Amino acid sequence: MDYEIKKVFRPSHTRRLRTKTPRLFIIHATRGHTDLDLQDDATLSWFQHAPDRGGWGSTADVLISADDDSIYEFGDIMQEHSAWSAGYGALGSSYEYGADEYAISIE
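For the sequence shown, the residue numbers in our numbering are -11 to 95.
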């Protein structure tokens, strides 16, 4: 199967420059109050309009479509990573970090 990779706009607060080499993948399933036909559009909208929560915002590095042959990429995944994952910023602690610093996040 051939996939079309689409570059997608994302707010700057949802990305960080990588300081670590990615060594794993984080796979997450979108869930929400929509049917499967709307999941891709709902997730894209969520990522593109992520609220700025103190410099953090919901996103992933890649979204794989559930209903067509599209892959959406939210930046240069080897140079930057998503700024919201695995509790990133939840407690406001300077000791917290997101697993995305070490991973490529796939939604």
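Hints may be right or wrong, so weigh each one.
[As the list claims (entries may be wrong)] Label-pair distances were calculated between CB atoms; the ranges are: (1) Q67 with D25: 14 to 24 Å; (2) F13 with W34: 16 to 26 Å; (3) R19 with E61: 31 to 41 Å; (4) D57 with S33: 17 to 27 Å; (5) V(-4) with A17: 12 to 22 Å; (6) D56 with Q36: 23 to 33 Å; (7) A54 with F(-3): 19 to 29 Å; (8) T18 with F(-3): 17 to 27 Å; (9) K8 with D55: 14 to 24 Å; (10) D55 with L5: 13 to 23 Å; (11) F13 with S58: 28 to 38 Å; (12) T7 with D57: 16 to 26 Å; (13) E(-8) with M66: 27 to 37 Å; (14) E61 with L12: 14 to 24 Å.
Hints listed in this document are in silico derivations from the structure and should not be mistaken for laboratory results.
A quick note: this is a predicted structure, and the numbers were derived from the prediction, not measured.
All C-beta atoms in this analysis are idealised placements derived from N, C-alpha and C, irrespective of residue type, glycine included.
Taking the hints in turn, this is what the structure says about them:
1. Q67 with D25: 14 to 24 Å: For Q67 and D25 the Cβ distance comes to about 34 Å; the hint is violated.
2. F13 with W34: 16 to 26 Å: Holds: the Cβ-Cβ distance is about 20 Å, inside 16 to 26 Å.
3. R19 with E61: 31 to 41 Å: Given a distance of about 22 Å, which is not inside 31 to 41 Å, the answer is violated.
4. D57 with S33: 17 to 27 Å: Since the Cβ atoms of D57 and S33 sit about 20 Å apart, the hinted range of 17 to 27 Å holds.
5. V(-4) with A17: 12 to 22 Å: At 19 Å between Cβs, range holds.
6. D56 with Q36: 23 to 33 Å: 18 Å, violated
7. A54 with F(-3): 19 to 29 Å: For A54 and F(-3) the Cβ distance comes to about 21 Å; the hint holds.
8. T18 with F(-3): 17 to 27 Å: 18 Å, holds
9. K8 with D55: 14 to 24 Å: 33 Å, violated
10. D55 with L5: 13 to 23 Å: 33 Å, violated
11. F13 with S58: 28 to 38 Å: 19 Å, violated
12. T7 with D57: 16 to 26 Å: 34 Å, violated
13. E(-8) with M66: 27 to 37 Å: For E(-8) and M66 the Cβ distance comes to about 20 Å; the hint is violated.
14. E61 with L12: 14 to 24 Å: Holds, at about 18 Å.
Violation of the numbered hints given earlier is confined to hints 1, 3, 6, 9, 10, 11, 12, 13; the remaining hints are satisfied by the structure.
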